[in-house]
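Student: Going down the list, the protein sequences come from chains A and B.
Residue 43 in our numbering sits at position 43 of the first sequence; the count goes up by one each step and never skips.
Residue 353 in our numbering sits at position 20 of the second sequence; the count goes up by one each step and never skips.
These are computed hints drawn from the structure, not numbers from a lab.
Keep in mind the model is a prediction, meaning the values are calculated, not measured.
Each residue gets a CB set at the ideal place from its N, CA and C atoms; glycine is no exception.
Keep in mind that a hint or two might mislead.
[What the hints assert, rightly or not] Simulated restraints, written as ranges between beta carbons of each label pair:
| id | chain 1 | residue 1 | chain 2 | residue 2 | range |
| --- | --- | --- | --- | --- | --- |
| 1 | B | L348 | A | C122 | 53 to 59 Å |
| 2 | A | D139 | B | I559 | 45 to 51 Å |
| 3 | B | R570 | A | P117 | 30 to 36 Å |
| 4 | B | L450 | A | Q185 | 55 to 61 Å |
| 5 | A | K118 | B | I559 | 34 to 40 Å |
| 6 | A | E205 | B | T496 | 45 to 51 Å |
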Amino acid sequence: MKSTDADSDIAALIEVAGLHKRFGSVTAVDGISFNVRRGELFGFLGPNGAGKTTTITMLVGLARPDAGRITIAGLDCSVDPKAAQHLIGVVPDESNLYSELSGFDNLCFCAALYGMPKKERCSRAAELLKLFGLQEAADRKFGGYSKGMKRKLTIAAGIIHKPQILFLDEPTTGIDISSARHIRQMIARLHTNGTTIFLTTHYLEEAERLCERIAFIVKGRIVREDSVANLLATLDDHQLLRISAAQMPENLAELLGNSFPDLSFQMIDNNQLQVSSLELIGVGPLVRFIEEQGALVSEARRIMPSLEDVFVKVAGIGLTDMGRDKEKAGGDR
Amino acid sequence: MKAWIAFWNIMLKDLWAYYLKPPNISWGIIFPIAWTSMFFIKSGSGLGSIPGLLPGVIALSVLFGTTSMLSVTVTFEKKNRSFERLLLAPIPLGLLMLAKTGGSIMFGVFNAIMPILLALFLADLRDVDWLIALFSIFLIAVVSTFLGLFIAVSVSEVFEAQTFSNFFRFPMIFLCGLFFPVESLPLLLKPFAYLLPLTYGVDLLRGAIERKNSLPLWLDLIAICISGMLLFYASLRNIHHKWIA
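Same shape as in the complex, but just chain A:
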């Protein structure tokens, strides 16, 4: 009997098998398969245009897959996209509430879409406004909210009906630090309360902090799927060094590669270089070589491997491809 309970605990709530989606000649999602367990916070990570949002739109019933199967809580959503919509909450990548309605009215309206009676939806809306720190703005029109407030209210609207599964598409993109932090706290709290969360983001630190398991998607294909601990363990034997310097030549990584063939080099941005090796890295010769190339080294420090490093390793693409422009705008932490 115990084993049955245990099995149901880890049973997949979302099962995706061989999912395909094309837009004209572009393959957006190319035969992906994965499972999300009940109560899990599952991260779906990839660079901009990797297929994250397309996958979510298919999972929530806003798009039909060209091939493959989606099962949510045992309901076949590839045949009937609306089959599981009563179980799910969706927070899209753009805040899409009604600008002409107040925050309170928006939440009440969203609750009504799920058939909640008036008394219940009013109390739930008030509860969520308080939870998200928006009670002061409850009667203000949504159109006048700041980006962070809009994002919070959009998340509140996504959970107004207490869904079993919450789909969060880039929840902290483009908002200020304190709002992003508050939203991450809310996500963690929802997860603790048992909500299954499917999170897409290109902020790897955020995913590392929040998620239990992660799938990396690149060009429509899942390149790696595992628990965060297992993903990080793949780099346990790696030595990482981050060097900060000004005026680094564009081809510095290439020059270093020629002179230090046992080390790997990657430019993080114009002022940062990452060095990785399976052996202990000697800092002195590296710094001297870099300064000989005309750069001014200000710092060299050993760093612990992060999900970013895992991603770079498994996806084989640079961090600049992860949408760092957006990260600077809103994902600073």
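Given the coordinates of chain A, work out where chain B should sit on it, guided by the hints.
Tutor: Frame of chain A; chain B shown alone:
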């Protein structure tokens, strides 16, 4: 029950957010007054001509009011993605679109009130069969709204909705029997006139107001109902194929 809570609230939200806004209320008043005055002055045949003008003026007021508003509001919501929120709601698509069109149908009926009030004030309308007249107005509002829906789900930009609306509306003005009786249209144009739902709406109203309908009542009713159902079905099909693609 849950689906009906959603239905009712979608309709109420649209009424408050779009249709009951002061500019739209004034549109619902000024536009019919303009139509009525224009036709009355143009006809130049005194107050006795009002009952003859009334069916056309009512039909046009309803047609323009509903198609303008619905095609723009739906396209606008689709554009800013708030329509996705409705598509994510666990209610059947047909019921959702009926809710979405409910406010527009009411707005259409409201558009008919002003010409009727003016006519009541200026002419003798004692012979009007009000039951059939009101039912006809409702049917014209429904079929015009579904035409607006069909337009909204066929385009992606708000300005396209307006352009596409005119593509349907202006031929209707000339072919529905408002300016020239359908029977006197050239043979080549007659089939087009009988393809337009407004032709039957105007004929229904003519029957109710002047007792001068050219087609049997049952034929008008069947034709307008079939037109409405076809437009609604085509719109749902478009949503299925284009918006949940």
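Student: Run every hint past the structure and note whether it holds.
Tutor: Evaluation of the provided hints:
1. Between L348 of chain B and C122 of chain A the beta carbon distance is about 19 Å. The supplied range of 53 to 59 Å is therefore violated.
2. Between D139 of chain A and I559 of chain B the CB atoms are about 47 Å apart, so this pair conforms to the stated range of 45 to 51 Å.
3. Hint check: R570 of chain B to P117 of chain A, Cβ distance near 33 Å, so the stated range 30 to 36 Å holds.
4. Distance hint for L450 of chain B and Q185 of chain A: a CB-CB separation of about 58 Å, consistent with the stated range 55 to 61 Å.
5. The beta-carbon spacing between K118 of chain A and I559 of chain B, approximately 38 Å, falls within the hinted interval of 34 to 40 Å.
6. Between E205 of chain A and T496 of chain B the beta carbons are some 48 Å apart, a value that agrees with the proposed interval 45 to 51 Å.
Checked against the numbered hints listed earlier, the structure breaks hint 1 alone; every other hint is satisfied.
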